[in-house]
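Enquirer: So the sequence lines, in the order shown, correspond to chains A and B. Heads up: the first sequence begins at 237 in our numbering, then just goes up one per residue. Heads up: the second sequence begins at 237 in our numbering, then just goes up one per residue.
The hints are simulated quantities; they were obtained by calculation from the structure and are not laboratory data. Hints are not guaranteed to be accurate.
Heads up, the list lumps identical chains together, so a pair's fine if it works in one copy or across two of them.
Quick list of in silico lysine to aspartate or glutamate cross-link-like pairs, EDC-like style, CA-CA up to 16 Å [what the hints assert, rightly or not]:
| hint | residue 1 | residue 2 |
| --- | --- | --- |
| 1 | Lys337 | Glu298 |
| 2 | Lys248 | Glu360 |
| 3 | Lys337 | Glu278 |
| 4 | Lys321 | Asp343 |
Quick caveat, the model's predicted, so the values are computed rather than measured.
2 protein chains.
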Amino acid sequence: MSETSFPVAETKQALEEGAELSPRFDANGLVAAIAVDAATGEILMLAWMNALALKLTLETGEAHYWSRSRGELWHKGATSGQVQKVAEVRVDCDQDAVLLKVRPQGDGGACHTGRRSCFYRVVEDGQLVVRP
Amino acid sequence: MSETSFPVAETKQALEEGAELSPRFDANGLVAAIAVDAATGEILMLAWMNALALKLTLETGEAHYWSRSRGELWHKGATSGQVQKVAEVRVDCDQDAVLLKVRPQGDGGACHTGRRSCFYRVVEDGQLVVRP
């Protein structure tokens with residue numbers, strides 16, 4: 237098992253402008269992670285990462301998340317085949333969110349419902365409508 | 237003040253395939269919200285919404301969030317001028333994340349550092365590098 241801790245930024249300047257990866261995990265040890273299709277820019281899903289998931293994502297080049305519902309590390313696609321090859325990893329200004337640009341493998345889907353993206357419904361007049 | 241509660245989906249089927257907006261707020265009463273530039277598709281920021289912020293976003297057509305750091309409702313741009321006009325609101329499969337397609341007003345920025353997007357740094361060999 238690789239080292240799973242990350243440094244903590246000492247100053248706001250270091251956090252926002254520094255070169256050191258120092259993710260700010262929340263009280264549950266998680267950061268939000270957005271996965272975007274590297275080829276099309278489509279938003280595929282929002283998931284969560286703990287330190288180990290982030291470390292494994294960076295080390296293996298395949299997206300790893302923390303499943304809040306199952307309470308376990310989740311190598312995306314290990315079961316479904318929907319592995320996400322990681323083309324780029326970004327962090328936001330205060331390093332509590334991660335953006336992954338990925339190349340979906342398998343059937344090309346990201347969502348457990350079988351769709352490419354989890355964001356398949358639009359709010360229209362207070363109702364949800366399925367839209368491409 | 238408008239009604240700020242949302243219905244709770246009774247079944248997984250209703251949650252994932254239904255037409256009823258029934259967001260699943262977490263233990264802190266929040267869902268994650270991704271803001272994307274409606275014109276370019278660029279990922280601008282990740283923020284949080286409580287029920288009131290989501291309701292106001294839908295009612296006013298301008299993005300409202302919950303500021304975790306300040307512990308208060310946040311009408312984006314009320315101070316900075318970086319109002320986000322909302323073109324579309326989506327929810328994900330299990331309705332614990334929201335996707336906003338927005339038209340940034342003011343100087344066109346979304347990030348408090350002055351940049352268009354909060355995701356201005358890429359992880360390269362474990363270090364953060366500023367990249368367009």
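Enquirer: Each hint: holds or not?
Expert: Here is how each hint holds up against the structure:
no. : hint            : verdict
1   : Lys337 / Glu298 : within (11 Å within a copy, 27 Å between copies)
2   : Lys248 / Glu360 : neither (40 Å within a copy, 21 Å between copies)
3   : Lys337 / Glu278 : both (10 Å within a copy, 12 Å between copies)
4   : Lys321 / Asp343 : within (13 Å within a copy, 35 Å between copies)
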